[in-house]
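There are 4 protein chains.
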Amino acid sequence: MAAQDRPLVHHREKSETEFARIGAFSDGVFAIAITLLVLALEIPENVDLGEAIRDRGAEFFAYFLSFAVVGRFWMDHHRFFGSVARYDSKLVAINLLHLSFVALLPFTSEVLGEYDNDSVAVAMYGANLTLASATFLAVVVYAFREGLVRDEAAPFEARFAGVANLAVVGVFAVSVPLAFLSPTIATISWISLFFLGDRVADRVTGIRAPR
Amino acid sequence: MAAQDRPLVHHREKSETEFARIGAFSDGVFAIAITLLVLALEIPENVDLGEAIRDRGAEFFAYFLSFAVVGRFWMDHHRFFGSVARYDSKLVAINLLHLSFVALLPFTSEVLGEYDNDSVAVAMYGANLTLASATFLAVVVYAFREGLVRDEAAPFEARFAGVANLAVVGVFAVSVPLAFLSPTIATISWISLFFLGDRVADRVTGIRAPR
Amino acid sequence: MAAQDRPLVHHREKSETEFARIGAFSDGVFAIAITLLVLALEIPENVDLGEAIRDRGAEFFAYFLSFAVVGRFWMDHHRFFGSVARYDSKLVAINLLHLSFVALLPFTSEVLGEYDNDSVAVAMYGANLTLASATFLAVVVYAFREGLVRDEAAPFEARFAGVANLAVVGVFAVSVPLAFLSPTIATISWISLFFLGDRVADRVTGIRAPR
Amino acid sequence: MAAQDRPLVHHREKSETEFARIGAFSDGVFAIAITLLVLALEIPENVDLGEAIRDRGAEFFAYFLSFAVVGRFWMDHHRFFGSVARYDSKLVAINLLHLSFVALLPFTSEVLGEYDNDSVAVAMYGANLTLASATFLAVVVYAFREGLVRDEAAPFEARFAGVANLAVVGVFAVSVPLAFLSPTIATISWISLFFLGDRVADRVTGIRAPR
Chain A
1 MAAQDRPLVH HREKSETEFA RIGAFSDGVF AIAITLLVLA LEIPENVDLG
51 EAIRDRGAEF FAYFLSFAVV GRFWMDHHRF FGSVARYDSK LVAINLLHLS
101 FVALLPFTSE VLGEYDNDSV AVAMYGANLT LASATFLAVV VYAFREGLVR
151 DEAAPFEARF AGVANLAVVG VFAVSVPLAF LSPTIATISW ISLFFLGDRV
201 ADRVTGIRAP R
Chain B
212 MAAQDRPLVH HREKSETEFA RIGAFSDGVF AIAITLLVLA LEIPENVDLG
262 EAIRDRGAEF FAYFLSFAVV GRFWMDHHRF FGSVARYDSK LVAINLLHLS
312 FVALLPFTSE VLGEYDNDSV AVAMYGANLT LASATFLAVV VYAFREGLVR
362 DEAAPFEARF AGVANLAVVG VFAVSVPLAF LSPTIATISW ISLFFLGDRV
412 ADRVTGIRAP R
Chain C
423 MAAQDRPLVH HREKSETEFA RIGAFSDGVF AIAITLLVLA LEIPENVDLG
473 EAIRDRGAEF FAYFLSFAVV GRFWMDHHRF FGSVARYDSK LVAINLLHLS
523 FVALLPFTSE VLGEYDNDSV AVAMYGANLT LASATFLAVV VYAFREGLVR
573 DEAAPFEARF AGVANLAVVG VFAVSVPLAF LSPTIATISW ISLFFLGDRV
623 ADRVTGIRAP R
Chain D
634 MAAQDRPLVH HREKSETEFA RIGAFSDGVF AIAITLLVLA LEIPENVDLG
684 EAIRDRGAEF FAYFLSFAVV GRFWMDHHRF FGSVARYDSK LVAINLLHLS
734 FVALLPFTSE VLGEYDNDSV AVAMYGANLT LASATFLAVV VYAFREGLVR
784 DEAAPFEARF AGVANLAVVG VFAVSVPLAF LSPTIATISW ISLFFLGDRV
834 ADRVTGIRAP R
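Residue numbers (the working numbering), protein chains in the order written: chain A, 1 to 211; chain B, 212 to 422; chain C, 423 to 633; chain D, 634 to 844.
Note that these hints are calculated values from the structure, not bench results. Every value quoted in this text rests on a predicted model; they were computed, and no experiment measured them. Using N, Cα and C, we set each Cβ at its ideal position, and we do this for glycine too. Treat each hint with caution, since some may be false.
Beta-carbon label-pair distances, calculated as ranges [what the hints assert, rightly or not]:
id, chain 1, residue 1, chain 2, residue 2, range
1, B, N328, A, R54, 39 to 47 Å
2, C, E467, D, L672, 20 to 28 Å
3, D, D681, C, A480, 16 to 24 Å
Start from the sequences and build out the full structure, keeping to the hints where you can.
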């Protein structure tokens with residue numbers, strides 16, 4: 001039967017609409033997850049409003065931190081999928097796993113805001129970041145290994161799928177036990193990675209990533 | 212009046228934007244339903260956080276199970292709509308019915324997580340899976356019968372719209388009464404179908420589905 | 423200044439991406455509103471689950487009714503915007519007003535499910551339907567009057583922007599006071615309109631609408 | 634290494650899909666935020682429904698005001714991004730910051746509805762409007778300065794990125810302290826800006842903006 005011999009890897013050019021729907025679906029999850037973060041902020045009725053807002057410093061911090069985190073994961077996803085030329089069902093599956101950890105952030109973020117400076121809350125948030133970045137790295141490594149990326153993206157393999165990115169996952173992973181020693185230092189480690197990660201990875205690999 | 216004679220089946224090529232909007236709308240519902248699953252996870256303020264997380268094993272299980280379930284329904288939907296060439300308003304209506312059962316999963320999933328090992332919760336979740344997969348099969352069968360699929364997809368009719376798929380719906384349906392005998396076995400039956408369903412259907416029909 | 427003389431009506435062909443974004447935004451609101459309906463369904467912890475589900479008959483009814491209602495509004499919107507060739511900022515504004523009543527349905531639907539057979543709940547839901555359909559009619563009438571629709575759609579003006587559609591709005595409007603006499607009859611009037619409206623309008627105007 | 638020399642500014646024509654995804658993501662956030670506004674409306678079970686609805690006047694007002702506000706921010710965003718020809722990662726980052734304040738509106742709007750006529754609630758809402766409009770102005774100014782807009786949009790620079798827009802931000806900023814003198818006047822100042830802002834800015838700059 002001819003159908004069985006049909007190649008199971010879909011070329012982007014051939015099925016632009018179908019490919020666009022994977023991107024649209026992922027974008028949808030990112031956009032919804034980032035907008036659901038606001039539901040963690042809530043003020044009961046009939047309290048002193050000024051005081052209630054001042055008491056929610058940690059919740060506002062968690063909101064903006066997580067907005068930046070989901071936004072950053074989205075930017076990385078967006079940038080990388082611009083280089084993907086073909087997809088197969090395993091890529092879709094690993095991508096879904098990555099999305100399941102991104103979509104979990106409204107929960108771990110809400111707990112982080114409510115349980116201010118609690119080691120367990122910080123450790124759970126760090127674990128979420130670790131799993132989200134590890135599964136994204138899996139998407140990238142899989143796409144490069146299976147030759148699903150555009151030819152122009154080949155020079156960036158060492159930069160995007162290499163040791164430097166494993167280091168990012170590693171820093172997030174280390175923040176989990178670190179949270180039990182000092183929640184503050186664990187939090188600072190995420191923020192530093194956020195602002196410095198790209199530059200350090202550029203330096204280490206000697207390849208400047210397009211931003 | 213000429214307008215009355217106008218064919219009421221819309222060709223994909225003619226109205227690419229309109230057709231894309233049906234896909235976009237469906238994708239939107241899948242993406243929102245999958246992201247709303249996280250709202251089932253909630254931890255009250257001022258409890259022992261470590262203990263509260265450990266107690267929520269069943270809720271995390273329901274989250275990831277349902278993320279995989281909605282993700283799988285989306286992948287099937289996505290893959291099949293890639294083969295649809297034309298649509299009419301009945302296809303849109305059956306598709307909406309399918310979406311109404313997909314969009315119900317955040318509710319039945321939340322109950323499944325909260326009422327761990329309760330036969331009623333497992334049966335309701337199984338009923339939801341049955342109705343979601345039965346209505347999707349209805350979409351597929353209708354599209355093939357009305358000749359709305361691309362010519363290239365014709366060889367797959369027996370595989371996608373045939374007895375093997377009825378069997379999938381059947382296993383979900385059987386899990387509903389089964390839940391009253393053993394919630395655990397009912398749950399295992401879903402997961403097996405999830406991982407083995409495609410392979411078994413390929414074998415039974417002798418047609419390997421594109422993945 | 424030349425810029426001042428620039429025509430302020432945007433042609434679809436000229437700015438396909440921008441036009442598509444209005445459709446995408448509207449689709450997004452419809453898709454989110456339809457998926458948020460599920461949040462009305464909630465079962466507290468530690469109750470007899472079987473009983474709790476049986477007690478929620480009215481809530482499930484409201485869920486599926488409203489899913490069909492939002493789905494129908496979306497289909498009408500989708501179908502009509504396929505005929506729109508140009509847009510201006512007033513069309514966008516009236517469209518937003520329409521969306522604000524569609525996006526209100528998760529609230530009025532939740533109240534309808536909770537306050538089963540309560541005249542006020544039924545009247546509020548009927549008022550929401552009235553305002554949503556009246557503002558959609560305003561979108562359609564405005565687009566025809568300002569010549570924003572494609573030429574091929576001209577023969578349908580009497581069908582889409584005429585008296586028959588005012589009658590639909592009228593039936594919804596009548597259901598508001600009717601709810602205080604009999605909530606059941608008011609509910610039946612919506613459902614009849616849902617299934618018979620298009621056929622009656624086809625008959626009255628003598629123009630068969632594309633479906 | 635050649636990759637390092639690659640220009641880091643992405644042309645819209647070159648990567649239409651990638652560029653469209655930024656718009657789609659922004660649209661998604663706007664559409665979700667606008668639809669989440671409805672979650673602020675809630676009526677407890679077993680109360681006098683008629684009375685409960687009458688008591689919620691301020692909440693309905695906040696819903697429609699915020700729907701108009703988010704809708705307006707979306708229209709401005711939509712209109713401006715139609716003129717953007719290229720993007721870089723800083724534009725994406727400033728855009729994300731803008732979105733974080735748009736996505737915060739469901740929270741500040743809920744508080745505004747619940748804490749009717751409370752100066753703190755009005756001031757917080759005014760602060761949210763200030764930050765959302767200031768960050769949008771930053772997007773516009775950055776795009777013009779870096780030459781990321783289409784050539785046709787150049788004549789509008791003074792109108793979109795100039796002093797008149799700073800005045801809009803200024804009025805919102807003034808409404809924050811004003812809320813402590815009179816919540817009502819602060820609210821009126823937003824609404825006036827909403828209806829008159831564009832006309833005043835057209836007059837001041839002598840450039841009529843496309844609408």
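Evaluation of the provided hints:
no.: 1; hint: B:N328 - A:R54: 39 to 47 Å; verdict: 44 Å, holds
no.: 2; hint: C:E467 - D:L672: 20 to 28 Å; verdict: 21 Å, holds
no.: 3; hint: D:D681 - C:A480: 16 to 24 Å; verdict: 19 Å, holds
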